[in-house]
Amino acid sequence: MAKVPVQFTLNGSEKAEFVESGTTLLNTLRDKIGDTSPKGGCQQGTCGACSVIVDGELRLSCLTLAETCNGVAITTTSGLAEGGVLHPLQRAFLDTFATQCGFCTPGMIMAAKVLLDHTPNPSREDVVEALSGNICRCTGYEPIIQAVLTAARANSQNAA
Amino acid sequence: MALALQTFATVKDANAALKAAGTRYLGGGTLVVRAANEGDVSVSGLVRSTDPALSAIEINDGKVSIGASVTMAAIAGHPDLGALARAARAVGGPAIRNMATVGGNLFAPAPYGDFAVALLALDAAVGTGDAELPIETFLADRDNSRAIVTYVRFALPKGDSFRFLKVSRIKPKGVSVLSIAVVLEHAGNGTVSSARIALGCMADRPVRARAAENALFGKTLDPDGIASALAAVGEGIAPITDPIASAWYRAEVLPVHLGRLLLG
Amino acid sequence: MELRKSYFADVRKDDLHEIGQPRPRSDSPGHVTGKTAYFADHNFPGMLHLKMVRSPHHHARIRSIDTSEAEKHPGVVRVLTARDVPHNVYTILILIQIGPEDETVLADGKVRWKGEAVVAVLAETERAAQEAAAKVKVDYEVLPAVFDMEEALKPGAPIVNEYHGQNYYLYDSGECRKVRFGDVEAGFAEADHVLEQSYQSSPIEHAPTETTGCVVMPEGNDRFTCYTNTQAMFFTLDNTSIILQMPGSKLHFVGGTVGGGFGGKVDVIVEPIAILGAKLTGRPVSFIYSREEEMQISSPRAAEKVVIKDGVMKDGRIVARKVTGYTDAGAYSRHSPYGAQKGAGHYPGPYTIPNVWIDTYCVYTNRTPSSAMRGFGVTIGDFALEVQMDKLARLIGMDPLEFRFINAYRDGDMKAHRQPTEGAALIECMQEASRAANWPVAEKFMAMSSYKKGA
Numbered sequence: 001m002a003k004v005p006v007q008f009t010l011n012g013s014e015k016a017e018f019v020e021s022g023t024t025l026l027n028t029l030r031d032k033i034g035d036t037s038p039k040g041g042c043q044q045g046t047c048g049a050c051s052v053i054v055d056g057e058l059r060l061s062c063l064t065l066a067e068t069c070n071g072v073a074i075t076t077t078s079g080l081a082e083g084g085v086l087h088p089l090q091r092a093f094l095d096t097f098a099t100q101c102g103f104c105t106p107g108m109i110m111a112a113k114v115l116l117d118h119t120p121n122p123s124r125e126d127v128v129e130a131l132s133g134n135i136c137r138c139t140g141y142e143p144i145i146q147a148v149l150t151a152a153r154a155n156s157q158n159a160a
Numbered sequence: 001m002a003l004a005l006q007t008f009a010t011v012k013d014a015n016a017a018l019k020a021a022g023t024r025y026l027g028g029g030t031l032v033v034r035a036a037n038e039g040d041v042s043v044s045g046l047v048r049s050t051d052p053a054l055s056a057i058e059i060n061d062g063k064v065s066i067g068a069s070v071t072m073a074a075i076a077g078h079p080d081l082g083a084l085a086r087a088a089r090a091v092g093g094p095a096i097r098n099m100a101t102v103g104g105n106l107f108a109p110a111p112y113g114d115f116a117v118a119l120l121a122l123d124a125a126v127g128t129g130d131a132e133l134p135i136e137t138f139l140a141d142r143d144n145s146r147a148i149v150t151y152v153r154f155a156l157p158k159g160d161s162f163r164f165l166k167v168s169r170i171k172p173k174g175v176s177v178l179s180i181a182v183v184l185e186h187a188g189n190g191t192v193s194s195a196r197i198a199l200g201c202m203a204d205r206p207v208r209a210r211a212a213e214n215a216l217f218g219k220t221l222d223p224d225g226i227a228s229a230l231a232a233v234g235e236g237i238a239p240i241t242d243p244i245a246s247a248w249y250r251a252e253v254l255p256v257h258l259g260r261l262l263l264g
Numbered sequence: 001m002e003l004r005k006s007y008f009a010d011v012r013k014d015d016l017h018e019i020g021q022p023r024p025r026s027d028s029p030g031h032v033t034g035k036t037a038y039f040a041d042h043n044f045p046g047m048l049h050l051k052m053v054r055s056p057h058h059h060a061r062i063r064s065i066d067t068s069e070a071e072k073h074p075g076v077v078r079v080l081t082a083r084d085v086p087h088n089v090y091t092i093l094i095l096i097q098i099g100p101e102d103e104t105v106l107a108d109g110k111v112r113w114k115g116e117a118v119v120a121v122l123a124e125t126e127r128a129a130q131e132a133a134a135k136v137k138v139d140y141e142v143l144p145a146v147f148d149m150e151e152a153l154k155p156g157a158p159i160v161n162e163y164h165g166q167n168y169y170l171y172d173s174g175e176c177r178k179v180r181f182g183d184v185e186a187g188f189a190e191a192d193h194v195l196e197q198s199y200q201s202s203p204i205e206h207a208p209t210e211t212t213g214c215v216v217m218p219e220g221n222d223r224f225t226c227y228t229n230t231q232a233m234f235f236t237l238d239n240t241s242i243i244l245q246m247p248g249s250k251l252h253f254v255g256g257t258v259g260g261g262f263g264g265k266v267d268v269i270v271e272p273i274a275i276l277g278a279k280l281t282g283r284p285v286s287f288i289y290s291r292e293e294e295m296q297i298s299s300p301r302a303a304e305k306v307v308i309k310d311g312v313m314k315d316g317r318i319v320a321r322k323v324t325g326y327t328d329a330g331a332y333s334r335h336s337p338y339g340a341q342k343g344a345g346h347y348p349g350p351y352t353i354p355n356v357w358i359d360t361y362c363v364y365t366n367r368t369p370s371s372a373m374r375g376f377g378v379t380i381g382d383f384a385l386e387v388q389m390d391k392l393a394r395l396i397g398m399d400p401l402e403f404r405f406i407n408a409y410r411d412g413d414m415k416a417h418r419q420p421t422e423g424a425a426l427i428e429c430m431q432e433a434s435r436a437a438n439w440p441v442a443e444k445f446m447a448m449s450s451y452k453k454g455a
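Residue numbers (the working numbering), protein chains in the order written: chain B, 1 to 160; chain Y, 1 to 264; chain U, 1 to 455.
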């Protein structure tokens with residue numbers, strides 16, 4: 001089976017792997033590189049659990065082929081905490097009880113991060129729209145929405 | 001056999017590779033990678049082209065040409081395509097819109113393909129490597145289409161002549177119960193001089209509602225004026241049945257939503 | 001919303017320092033950093049992928065199975081059929097003596113629902129397993145199928161499951177679970193009004209974000225470690241032990257972290273066949289449902305039909321209640337005989353009614369086997385009962401909440417299934433609901449207590 005080289009940065013560190021042609025980015029991150037923070041929930045682009053940030057844009061890693069990602073910068077939830085200090089979104093998800101089973105959480109945090117990177121002071125509607133591609137079956141969404149709004153407030157207080 | 005991907009700089013080379021049995025064109029991946037993930041073993045090879053022309057948006061004299069690889073997010077965020085933003089945002093959630101392409105949407109089976117409904121109402125032309133087809137002709141024969149779609153071209157709708165509505169049970173992002181796109185022109189006396197109405201989920205692909213279009217001609221957009229169009233909009237439709245809604249339900253609510261769109 | 005704490009002040013200590021205080025969840029730090037390990041986060045070199053060949057028919061006899069082309073497919077390591085499974089016919093509740101064994105791990109001679117597992121393919125990659133599964137040839141003779149519970153109970157209906165012999169679960173009480181209390185016909189005769197209504201529900205899928213699955217590692221000493229998202233760890237271990245005829249000491253189950261379950265992961269479906277695959281190949285095996293399998297194959301909540309007939313007096317007392325409940329088990333029992341039985345105990349609702357008659361049937365049809373989901377056996381019943389309560393209140397022109405106060409069970413009341421009521425708090429819950437929802441009721445109801453005076 002022909003293997004193809006793939007090179008990108010993951011949470012700031014260089015990665016180079018040989019993958020079978022046609023391998024998804026999700027399987028490459030999880031099985032080859034060992035970053036299991038993106039989850040495979042549907043493999044159909046419906047649940048958002050596999051969401052990662054590719055060059056600043058939210059992407060579904062289950063529908064992205066790894067070999068189309070050469071040279072890109074990828075961010076996953078496992079790379080957000082710096083020096084053991086949680087990212088404000090992680091802190092807010094923890095503090096507002098926005099996780100239950102936790103399976104959707106890494107994807108939710110990715111979608112929320114892209115939102116806050118572009119819209120530091122989002123409205124509730126902005127948050128709902130930004131999370132609309134991510135399914136949570138436990139919380140009923142409200143604590144997650146509150147977590148994102150809480151993180152945004154924390155960010156703006158820090159900036160002030 | 002693994003699902004091998006071949007990448008080509010030119011559409012011409014990609015088209016040649018697509019002739020092999022079992023190959024499919026990879027746009028944003030939201031259709032073909034999804035199919036492969038679900039175990040569709042009929043897809044054995046993927047082909048894509050990185051030709052930058054596929055990602056271009058050109059606007060000249062009110063004429064728009066959108067490359068087939070342009071994403072829904074790029075259209076929704078384009079300053080000169082504000083009229084289409086609502087239709088582009090109707091597709092998927094934010095991540096899907098960063099991936100799903102104009103070209104791919106032309107092939108999305110109902111209940112997907114909301115943007116293609118808009119393109120049908122806009123009477124777009126669909127360009128392939130060596131030909132250009134009216135979108136209606138293209139959609140009718142899309143299952144046999146082998147040449148890579150390179151662009152769609154249409155006249156930018158004037159003022160508020162273009163209207164779009166997607167109905168879903170979950171907001172803001174849900175799968176379509178139905179979608180409707182309308183392009184209306186008015187005569188000097190305010191009556192409708194031309195109407196194009198396109199419907200999503202009323203067949204396995206977007207379809208025109210010709211009887212309703214004809215019934216609107218010469219009418220004003222008020223409850224009495226649109227009544228005959230609403231009565232006629234169900235002519236010739238064959239709505240899909242899926243977990244979102246039954247064919248019966250879709251047919252029942254179609255005139256209601258068309259009425260709201262026309263009077264809104 | 002501030003709730004009063006004065007209820008039952010005499011029977012509890014008021015030094016509860018934890019209740020009402022937010023405390024961090026112990027699993028949250030793992031969740032927000034992506035460090036929590038779910039079963040599928042275990043990945044081993046040389047792991048095989050299991051894909052299932054499934055029945056395309058609702059009911060069919062299997063004339064023959066030809067796996068020869070699949071076995072030759074590149075990447076395929078092993079193909080499993082019914083004859084490879086040591087104890088192929090099982091039922092999960094056999095652990096608590098609820099038989100008969102009525103379900104096959106892999107179909108043997110017959111399929112009874114569309115999607116039933118027939119042949120398992122183990123291959124080096126998911127893709128190879130999918131391709132090989134498409135090459136398995138099964139010759140079916142399609143049989144008449146039955147999808148409606150009342151049709152299934154009619155004489156002459158196609159028999160869904162021969163292990164039962166009839167299309168209902170045979171309880172020790174007969175064709176249904178029965179509760180008899182007082183004289184229900186006398187109650188109806190005495191009533192000012194009688195209202196009979198029928199309620200029904202469709203199957204409901206739990207749709208957890210993480211699909212059902214497991215990863216099995218053979219430890220090289222005839223022991224197998226199974227990483228699983230089952231919600232029923234020891235149930236699964238014990239059933240696997242029976243199915244594989246393997247002592248439980250050879251099975252090491254690792255789980256507890258579940259990406260959403262809601263009752264949908266209590267059936268013993270993926271683990272036995274994956275462990276068997278690992279045993280027969282000596283390789284790690286991964287068996288993970290696709291999203292389509294999760295939606296179509298995993299057990300849903302049962303479809304139910306509930307017929308409620310009530311006799312009510314103008315003063316608000318319900319004097320007779322007759323309920324016939326039907327639970328659609330689908331083709332196999334799984335947890336449904338228990339669910340239907342639970343319904344029998346539950347159907348009078350939290351109300352004290354002097355004359356009660358309840359029959360609940362667990363019915364077999366050629367639909368996807370149903371099983372546990374959040375209060376199964378009572379949830380649909382509660383929907384039906386409370387809609388019925390509103391209808392009854394309307395019928396006699398009474399406030400629906402006051403109507404419930406009149407009928408609410410209180411400590412010492414005998415329930416229809418002969419359990420005396422203890423620790424009831426319905427009155428107090430309704431009092432607080434009345435206050436919180438600003439839905440006032442007469443003062444005499446606000447003065448009531450779950451304690452009966454002198455009781």
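There may be inaccurate statements among the hints.
To be verified - Calculated pairs, DSS-like style, for lysine-lysine (alpha carbon to alpha carbon, straight line, at most 30 Å):
| id | chain 1 | residue 1 | chain 2 | residue 2 |
| --- | --- | --- | --- | --- |
| 1 | Y | 12 | Y | 63 |
| 2 | U | 178 | U | 135 |
| 3 | Y | 63 | B | 3 |
| 4 | Y | 171 | Y | 158 |
| 5 | U | 314 | U | 114 |
| 6 | B | 3 | B | 32 |
| 7 | U | 279 | U | 72 |
| 8 | U | 137 | U | 114 |
| 9 | B | 32 | U | 309 |
| 10 | U | 314 | U | 415 |
| 11 | U | 110 | B | 32 |
| 12 | B | 3 | Y | 19 |
| 13 | Y | 19 | U | 135 |
| 14 | U | 309 | U | 178 |
| 15 | U | 35 | B | 32 |
| 16 | Y | 19 | Y | 171 |
| 17 | U | 137 | U | 72 |
| 18 | U | 72 | B | 3 |
| 19 | U | 154 | U | 110 |
| 20 | U | 135 | U | 154 |
| 21 | U | 110 | U | 279 |
| 22 | B | 32 | B | 15 |
| 23 | U | 305 | U | 279 |
| 24 | B | 3 | U | 13 |
| 25 | U | 452 | U | 391 |
| 26 | Y | 19 | U | 444 |
| 27 | B | 15 | U | 35 |
| 28 | U | 154 | U | 314 |
Rather than coming from a laboratory, the hints here were simulated on the basis of the structure.
Keep in mind it's a predicted model, so treat the numbers as computed, not measured.
So, going through the hints one by one against the coordinates:
no.	hint	verdict
1	Y/12 <-> Y/63	25 Å, holds
2	U/178 <-> U/135	49 Å, violated
3	Y/63 <-> B/3	44 Å, violated
4	Y/171 <-> Y/158	29 Å, holds
5	U/314 <-> U/114	50 Å, violated
6	B/3 <-> B/32	13 Å, holds
7	U/279 <-> U/72	21 Å, holds
8	U/137 <-> U/114	16 Å, holds
9	B/32 <-> U/309	62 Å, violated
10	U/314 <-> U/415	23 Å, holds
11	U/110 <-> B/32	41 Å, violated
12	B/3 <-> Y/19	23 Å, holds
13	Y/19 <-> U/135	25 Å, holds
14	U/309 <-> U/178	16 Å, holds
15	U/35 <-> B/32	17 Å, holds
16	Y/19 <-> Y/171	41 Å, violated
17	U/137 <-> U/72	13 Å, holds
18	U/72 <-> B/3	23 Å, holds
19	U/154 <-> U/110	22 Å, holds
20	U/135 <-> U/154	39 Å, violated
21	U/110 <-> U/279	26 Å, holds
22	B/32 <-> B/15	10 Å, holds
23	U/305 <-> U/279	43 Å, violated
24	B/3 <-> U/13	68 Å, violated
25	U/452 <-> U/391	28 Å, holds
26	Y/19 <-> U/444	83 Å, violated
27	B/15 <-> U/35	20 Å, holds
28	U/154 <-> U/314	38 Å, violated
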